[in-house]
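Enquirer: Hey, can you work out the whole structure from these sequences and the hints?
The opening position of the sequence shown corresponds to residue 1 in the numbering used here, with each subsequent residue numbered one higher.
Note that these hints are calculated values from the structure, not bench results.
Here the structure is a predicted model, which means the values were calculated and not measured.
There could be a bad hint or two in this list.
To be verified - Lysine to any residue pairs mimicking SDA-like chemistry, simulated, CA-CA at most 20 Å apart:
(1) K220 with E30
(2) K78 with D9
(3) K160 with R113
(4) K48 with S21
(5) K48 with K172
(6) K160 with K96
(7) K38 with D22
(8) K204 with D224
(9) K41 with D29
(10) K172 with V186
(11) K204 with T217
(12) K204 with Q158
(13) K44 with S23
(14) K96 with D32
(15) K172 with L191
(16) K41 with D224
(17) K78 with S21
(18) K57 with E30
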Amino acid sequence: MARKARKLDAFGIYAIHQTASDSRPLFQDEADRVTFLKIVKQTKMRFKFKLYAFCIKASSHYDLIIDANGSDLSQVMKSINIAYAMYAGAEGRLFKDRYKSERLIEGDQVRSRIKQFLDEQMTCDHLQAFESVTSVIDLYHEASDAKADATACENCLQDKDAAVMKLAEIAKIRQCPVGSLLKDKVTRDQLILDFRRSSTLSLKELGEVFGGLSESTVCKILKDQCRKAF
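Expert: This is the structure we're talking about:
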């Protein structure tokens, strides 16, 4: 019987759970964990998703909280798992089955899930939880990259006020009023995508910044922009 296709939102936040098969432990030692995180980092750079948390304590599974951020989550997970399986070189299948994904609601549900990780003793020092756009991975294993990532995080739009100011700066550079930017739908829609990818703003907040658009309208614009990009 054919597997049912997943229905994934390109801008959804997902809790990912991947389990090992009986061939070998997923993580045999610390070197395996470091390699896995390097693979996640490389995949993150390629697909531009946001990583809010990860758990790699157990030898039998891993957990991620990912904001797809316009990417194809299926392709993201395929890239991570194939690369790690090639590294592991297990006899037989490394993963028990395809990964499990659970859609999370922005904000409280994401924070609640991270707290659940901690309460259930699922994590250890490897877990870093963030509600902003940052590279969690670098804080764990590459001190040399930490400075660059901190700079990148500083450039992210952390709240609605910062986004409004950024929009005003863009209008000033283009020598036009903010209202003119918002009336030009091509420019507006591209800016919405740019702001979504470089901020922690929710769909509701993005709508407020860009002239009072509804969440559904912002979501439609983002999906349309992603289709054009691919």
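Enquirer: Mind listing which of the numbered hints don't hold for this structure, in increasing order?
Expert: Numbers 1, 3, 4, 5, 6, 7, 13, 16, in rising order.
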